[in-house]
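All chains, please: the whole structure from these sequences, using the hints.
Residue numbers (numbering that gives the first Met the number 0), protein chains in the order written: chain B, 0 to 215; chain D, 0 to 290; chain F, 0 to 386; chain Y, 0 to 209.
Derived by calculation from the structure, the hints in this document are not laboratory data.
Idealized CB from N, CA, C, for every residue including glycine.
Heads up, a few of these hints could be off.
[Claimed, not checked] Residues from chain B that keep clear of chain Y, each with C-beta distances beyond 10 Å, as calculated: (1) Y19; (2) I62; (3) G66; (4) P87; (5) K156; (6) P157; (7) T159; (8) K163; (9) P164; (10) D201; (11) M207; (12) A209.
[Claimed, not checked] Here are some, though not all, of the chain F residues that point toward chain B, as calculated from beta-carbon distances under 7 Å: (13) R166; (14) A169; (15) A234; (16) V322; (17) A336; (18) K352; (19) D355.
[Stated by the list, open to error] With a cut-off of at most 27 Å between alpha-carbon atoms, the simulated BS3-like pairs for lysine-lysine come out as follows: (20) F:K280 / D:K5; (21) F:K167 / B:K156; (22) Y:K137 / B:K167; (23) B:K167 / B:K122; (24) F:K241 / Y:K59.
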Amino acid sequence: MPLSDLIGIWVAAFLTLAIYSFLYKDNPVYRFAESIFVGISLGYEIGLVFYRTIWPNLVERLIANPGPNWYLAIGGILGLMLYCRYIPKISFLGKWALAVYIGYFVGVELMQRLHGDVLPQIKDTMLPLNGPFWGSLQNLLIVVGVLSVLIYFYFSKPHTGILKPISKVGVYFIMICFGASFGYTVMARISLLIGRLTFLVDGWVRPMIALIFGSS
Amino acid sequence: MSDAMKIGGIDKRWVYLLVAIGALIPIIKPLGLPVLSTPAVEALFEKIESLEPGDVIMLSFDYGPSSAPELDPMAESILRHCFQRDISVVVVALFPLGGDNQAKIALNKIVPEFPVVEGEDYVYLGYKDGGLAVLRRMAEDISIVFPQDNRGIPLEDIPLMQRVQNYSDTELSVSLATGIMGEWWAILVNAQFGQPVAVGATAVSAPKYYAYLKAGQMLSLLGGLKGAAEYETLIGEHYPELKERSQIATRGMDVQSIVHLIIIGFIILGNIVYLISRSERTRAGGRLASK
Amino acid sequence: MIRLLLAVSIILAGSLAEAQTDTNHINTDSIDVLLADSTVTATLVLQLSEDSTRILLDWTTGDSINVILERAGNDSVFATIGSFDPTITSFTDSGVSPGDWYMYRLLNGDSMKDLGAGASVEVPFPIEESRFFRTERTNALLLFLFYAATIVGYISIAKRGAQLFIRKIAGLDAVDEAVGRATEMGRKVLYIPGIMSVDNIQTVASMSILGYVAGKTASYGTNLEVPNKDPLVLATAREVVKEAYLKAGRPDYYNDDMVNYVSYDQFAFTAAIQGLMTREKPATNFLIGSFYAESLIMAEAGNASGAIQVAGTAELAQLPFFVVACDYTLIGEELYAASAYLSREPLILGSIKGQDLAKAVLVGLIILGVILSTSGQQWFADFFIQR
Amino acid sequence: MRRQIAVLLCFLTGFFVVVAFFIEQDPIPDINEKLDELLVIVFAFALVLGVVSFLQHHSKKIRRRDKGWTSSVISISSLVIMALLGIFESSIRGTGVIGDRTTFDWVFNWVFTPLQATMFSLLAFMIASAAFRAFRIKNIEAAVLMVAAIIVMLGRVSIGQVIFPQSLAISEWIMNNPNLAAQRGILIGAALGAASMAIRVILGIERPYM
Numbered sequence: 000m001p002l003s004d005l006i007g008i009w010v011a012a013f014l015t016l017a018i019y020s021f022l023y024k025d026n027p028v029y030r031f032a033e034s035i036f037v038g039i040s041l042g043y044e045i046g047l048v049f050y051r052t053i054w055p056n057l058v059e060r061l062i063a064n065p066g067p068n069w070y071l072a073i074g075g076i077l078g079l080m081l082y083c084r085y086i087p088k089i090s091f092l093g094k095w096a097l098a099v100y101i102g103y104f105v106g107v108e109l110m111q112r113l114h115g116d117v118l119p120q121i122k123d124t125m126l127p128l129n130g131p132f133w134g135s136l137q138n139l140l141i142v143v144g145v146l147s148v149l150i151y152f153y154f155s156k157p158h159t160g161i162l163k164p165i166s167k168v169g170v171y172f173i174m175i176c177f178g179a180s181f182g183y184t185v186m187a188r189i190s191l192l193i194g195r196l197t198f199l200v201d202g203w204v205r206p207m208i209a210l211i212f213g214s215s
Numbered sequence: 000m001s002d003a004m005k006i007g008g009i010d011k012r013w014v015y016l017l018v019a020i021g022a023l024i025p026i027i028k029p030l031g032l033p034v035l036s037t038p039a040v041e042a043l044f045e046k047i048e049s050l051e052p053g054d055v056i057m058l059s060f061d062y063g064p065s066s067a068p069e070l071d072p073m074a075e076s077i078l079r080h081c082f083q084r085d086i087s088v089v090v091v092a093l094f095p096l097g098g099d100n101q102a103k104i105a106l107n108k109i110v111p112e113f114p115v116v117e118g119e120d121y122v123y124l125g126y127k128d129g130g131l132a133v134l135r136r137m138a139e140d141i142s143i144v145f146p147q148d149n150r151g152i153p154l155e156d157i158p159l160m161q162r163v164q165n166y167s168d169t170e171l172s173v174s175l176a177t178g179i180m181g182e183w184w185a186i187l188v189n190a191q192f193g194q195p196v197a198v199g200a201t202a203v204s205a206p207k208y209y210a211y212l213k214a215g216q217m218l219s220l221l222g223g224l225k226g227a228a229e230y231e232t233l234i235g236e237h238y239p240e241l242k243e244r245s246q247i248a249t250r251g252m253d254v255q256s257i258v259h260l261i262i263i264g265f266i267i268l269g270n271i272v273y274l275i276s277r278s279e280r281t282r283a284g285g286r287l288a289s290k
Numbered sequence: 000m001i002r003l004l005l006a007v008s009i010i011l012a013g014s015l016a017e018a019q020t021d022t023n024h025i026n027t028d029s030i031d032v033l034l035a036d037s038t039v040t041a042t043l044v045l046q047l048s049e050d051s052t053r054i055l056l057d058w059t060t061g062d063s064i065n066v067i068l069e070r071a072g073n074d075s076v077f078a079t080i081g082s083f084d085p086t087i088t089s090f091t092d093s094g095v096s097p098g099d100w101y102m103y104r105l106l107n108g109d110s111m112k113d114l115g116a117g118a119s120v121e122v123p124f125p126i127e128e129s130r131f132f133r134t135e136r137t138n139a140l141l142l143f144l145f146y147a148a149t150i151v152g153y154i155s156i157a158k159r160g161a162q163l164f165i166r167k168i169a170g171l172d173a174v175d176e177a178v179g180r181a182t183e184m185g186r187k188v189l190y191i192p193g194i195m196s197v198d199n200i201q202t203v204a205s206m207s208i209l210g211y212v213a214g215k216t217a218s219y220g221t222n223l224e225v226p227n228k229d230p231l232v233l234a235t236a237r238e239v240v241k242e243a244y245l246k247a248g249r250p251d252y253y254n255d256d257m258v259n260y261v262s263y264d265q266f267a268f269t270a271a272i273q274g275l276m277t278r279e280k281p282a283t284n285f286l287i288g289s290f291y292a293e294s295l296i297m298a299e300a301g302n303a304s305g306a307i308q309v310a311g312t313a314e315l316a317q318l319p320f321f322v323v324a325c326d327y328t329l330i331g332e333e334l335y336a337a338s339a340y341l342s343r344e345p346l347i348l349g350s351i352k353g354q355d356l357a358k359a360v361l362v363g364l365i366i367l368g369v370i371l372s373t374s375g376q377q378w379f380a381d382f383f384i385q386r
Numbered sequence: 000m001r002r003q004i005a006v007l008l009c010f011l012t013g014f015f016v017v018v019a020f021f022i023e024q025d026p027i028p029d030i031n032e033k034l035d036e037l038l039v040i041v042f043a044f045a046l047v048l049g050v051v052s053f054l055q056h057h058s059k060k061i062r063r064r065d066k067g068w069t070s071s072v073i074s075i076s077s078l079v080i081m082a083l084l085g086i087f088e089s090s091i092r093g094t095g096v097i098g099d100r101t102t103f104d105w106v107f108n109w110v111f112t113p114l115q116a117t118m119f120s121l122l123a124f125m126i127a128s129a130a131f132r133a134f135r136i137k138n139i140e141a142a143v144l145m146v147a148a149i150i151v152m153l154g155r156v157s158i159g160q161v162i163f164p165q166s167l168a169i170s171e172w173i174m175n176n177p178n179l180a181a182q183r184g185i186l187i188g189a190a191l192g193a194a195s196m197a198i199r200v201i202l203g204i205e206r207p208y209m
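So this is what it looks like as structure tokens:
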């Protein structure tokens with residue numbers, strides 16, 4: 000193993016333990032790891048954005064072929080407008096750039112939600128109830144669940160009268176859903192822990208012991 | 000530390016400590032907690048048990064490094080099982096982002112454990128891009144897709160491949176798959192060419208494969224780490240000499256079982272404490288629950 | 000040299016076709032098989048994409064090692080459009096122009112030298128002009144028009160000064176209380192607007208709530224801190240907070256550092272927030288917007304530091320964790336209704352009313368759909384298929 | 000006037016996207032694609048705002064010798080070092096496959112990745128303490144939440160099926176029926192809420208950009 004990797008393993012092990020030390024209490028070692036993490040991740044992003052977006056998507060394309068790519072300059076100009084907030088006289092230009100950006104993606108979301116979420120989910124809920132008994136019962140359960148949850152979120156009327164029992168049913172469905180999702184996720188989270196602990200045990204401690212006491 | 004660290008009079012760092020210990024012990028030394036095998040996994044084991052020495056199966060690596068923790072143990076167990084029983088294996092890789100690498104990792108690990116000869120007891124044909132088209136092609140002639148093996152030897156010069164021209168010369172196909180690729184084996188290789196297909200899938204995608212299993216388009220389904228652990232257990236039961244080596248998924252499953260039990264134990268403990276001192280104000284449970 | 004060029008071109012054409020096959024694969028449901036021709040050595044199947052602007056070709060060629068595809072346009076002269084590896088059996092031709100007639104021919108053989116004409120097919124009518132309206136999206140258009148109309152309708156009713164009722168939402172009633180608590184304790188209010196950018200509508204909703212919270216902290220003179228993971232949210236949140244302080248008549252209390260930037264990495268951001276919550280012990284934490292795995296780490300740190308926590312997200316997978324670890328949680332739709340509830344602005348309230356009416360209609364449609372499906376009338380449910 | 004222009008810009012872009020969703024006639028799809036491309040660039044420019052804010056935030060702490068100012072020194076130094084490595088060691092340029100043995104890769108492999116993975120793995124502990132604290136039988140709703148969670152947890156691990164053999168079947172039934180129904184209800188409601196929010200923003204009734 001190259002020396003750089005050996006040092007790397009020790010550094011990684013130290014940082015792993017530094018983060019875990021927070022579980023006992025906040026301490027200078029955790030703070031050290033946190034500060035490095037924050038700085039390095041942002042530094043990494045700077046290189047990434049420059050080499051993966053600004054350079055290939057803007058500079059390179061404008062230099063190589065400015066004719067058909069002129070519109071990319073608008074992106075650059077909108078981007079520069081964001082910086083106008085540092086100059087009080089023209090700071091409003093930053094808001095214009097944000098308005099364009101938000102306007103575009105709000106429009107995208109509008110259609111995505113209606114077309115991509117509402118339509119298929121409604122379609123999938125229109126289930127037949129005349130099949131085999133057990134299957135139909137499950138379909139009925141799904142229909143009742145969807146409708147009661149939808150009605151639970153109804154804002155225009157207080158939850159009284161007929162709405163009260165219906166939204167109560169909706170609450171039960173939501174509680175089952177949250178409990179089940181919670182329980183279902185536990186395994187994936189423990190897998191992450193296994194990954195780290197395996198690194199500490201098999202990647203760090205065991206080779207270290209083997210090194211000190213001779214391999215066996 | 001402040002009282003906020005305490006939950007119902009118990010410092011929550013005890014919870015952290017128990018979780019850490021519960022996870023560490025099986026990693027250092029596997030406990031071998033009971034793993035109940037399910038019919039879906041037994042089906043593959045029984046199928047391989049039923050083969051005669053010299054029979055051939057095909058094993059396809061259709062996953063990359065991100066699924067490796069769950070699917071590597073399956074690959075290793077299946078290879079061990081086959082080599083132990085003198086069943087020949089034709090290995091291919093169809094996943095573009097790392098299938099080739101996973102196949103090499105598994106073979107490099109398992110082959111030295113057995114007195115097997117490349118080209119006679121197993122062959123690695125390498126990676127081929129093309130997905131469905133490749134699967135369709137191999138039904139006619141594997142050598143069209145893979146004219147030579149990973150070493151560059153033409154298939155006609157490989158003793159094992161002289162016995163195998165297409166699916167019909169193999170007894171079974173196993174796909175260890177990430178995402179959609181296992182479905183291809185079911186809907187194409189099984190449904191159209193009648194080849195028995197078994198799929199090893201990650202836990203996340205396993206539920207959607209149940210439909211194929213139920214419909215009989217798959218002989219067997221190994222789901223996630225648990226499926227891998229079941230297979231390891233079956234091997235350990237039938238071949239005690241392999242038990243020591245096949246424990247990776249079992250070890251992970253030990254951790255899962257223990258930590259799940261610790262969490263459930265704490266929930267029960269928390270409720271006992273809560274019932275004893277109801278006056279205590281707990282803010283948790285959220286709005287819906289506290290209404 | 001020629002062999003090398005040939006090999007390269009085959010690989011190129013192959014990878015091109017590969018990329019094309021991928022996109023078709025998604026759309027196969029919406030494509031009708033039109034024509035097929037089969038000879039002893041090959042079968043060529045021609046399909047037309049649903050909008051009739053692309054031609055999809057699929058073939059089988061027995062044992063042929065080499066496959067070449069040719070196309071002839073109005074002039075009936077064939078020209079090669081690709082040569083393919085035997086593993087590739089389909090190709091999408093997007094290079095057809097509207098109004099023209101086309102014919103395709105497949106050549107196959109065991110070597111490049113002895114290629115013979117395999118199957119050939121002709122498109123029986125000229126390629127269509129690309130259309131003006133995407134007819135397959137009619138259902139989405141109807142839904143959009145219906146929805147926009149009810150919302151705009153109710154907004155104009157609200158404009159005329161109608162009194163609009165909105166039921167109690169506990170999580171939103173808690174906002175004032177939560178800010179008040181921080182004021183009493185003399186500690187700061189922490190507002191985390193999620194980890195996604197303003198291209199996510201949950202973040203946009205979070206900005207609205209932030210405007211309200213900032214208005215409160217401005218008038219109470221409470222400290223507010225808004226750490227960010229996304230730089231565009233940083234820019235937006237600054238405008239929102241500054242505006243709120245201006246409106247509250249306290250521009251002197253505002254400074255840019257209240258809304259600051261931490262890191263673009265999800266977990267570096269989480270590490271910093273966890274540290275901040277533990278060290279500075281804000282009295283109140285708002286976790287509102289789009290959250291992923293970090294949701295529980297942050298909420299647990301906030302809980303341990305004794306803060307009162309109001310969370311809100313529409314991320315289904317994270318909702319259980321917020322519900323479990325926070326005092327109040329805005330679930331999905333409540334997040335978007337928050338701005339109406341908090342500001343009591345009649346126009347926004349009007350849109351919520353419109354939304355509710357539309358929802359009631361959809362509930363009715365679902366029930367109708369269930370009844371019709373049960374009586375064997377599948378067409379109604381099929382109308383809602385997303386295309 | 001300046002404000003009206005912002006509202007108008009938001010309306011025009013938002014309305015355009017909705018139109019582009021339905022219309023296939025040139026040049027609308029083309030403009031839509033170009034907008035999408037150029038807004039990625041706007042996003043990239045915004046990172047500078049973030050970096051400036053980061054530097055201001057931490058240098059202020061250092062100047063005032065705030066509590067924990069040394070952390071700010073570490074943060075700024077690691078930012079500068081990593082940014083310089085990233086810009087001058089061109090390994091992240093182009094392919095994005097980090098394979099060469101540069102200092103940048105070393106930091107990425109042995110510092111950045113372990114920190115990320117370890118922070119992520121804290122969730123195993125958090126999920127345990129949250130469950131311990133929150134799952135109390137305070138009322139029927141809370142009991143339902145708890146029972147669903149425990150059954151699904153048992154169904155996921157092999158020991159669970161030893162303890163309670165039906166747990167796998169029941170947990171799968173829960174996931175595919177009541178859980179699915181509630182998720183669908185929440186999803187439809189949230190989608191309608193989001194669409195309503197979007198309409199308000201496009202119409203300028205809510206202006207999150209100012």
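To see whether the hints hold, each was checked on the structure:
no.	hint	in the structure
1	Y19	violated, 7 Å
2	I62	holds, 15 Å
3	G66	holds, 14 Å
4	P87	holds, 13 Å
5	K156	holds, 15 Å
6	P157	holds, 18 Å
7	T159	holds, 19 Å
8	K163	holds, 14 Å
9	P164	holds, 14 Å
10	D201	holds, 14 Å
11	M207	holds, 16 Å
12	A209	holds, 20 Å
13	R166	holds, 5 Å
14	A169	violated, 12 Å
15	A234	holds, 6 Å
16	V322	holds, 6 Å
17	A336	holds, 6 Å
18	K352	holds, 6 Å
19	D355	holds, 4 Å
20	F:K280 / D:K5	holds, 16 Å
21	F:K167 / B:K156	holds, 9 Å
22	Y:K137 / B:K167	holds, 16 Å
23	B:K167 / B:K122	holds, 25 Å
24	F:K241 / Y:K59	holds, 20 Å
In this structure, the earlier hints numbered 1 and 14 are contradicted, and the remaining ones agree with it.
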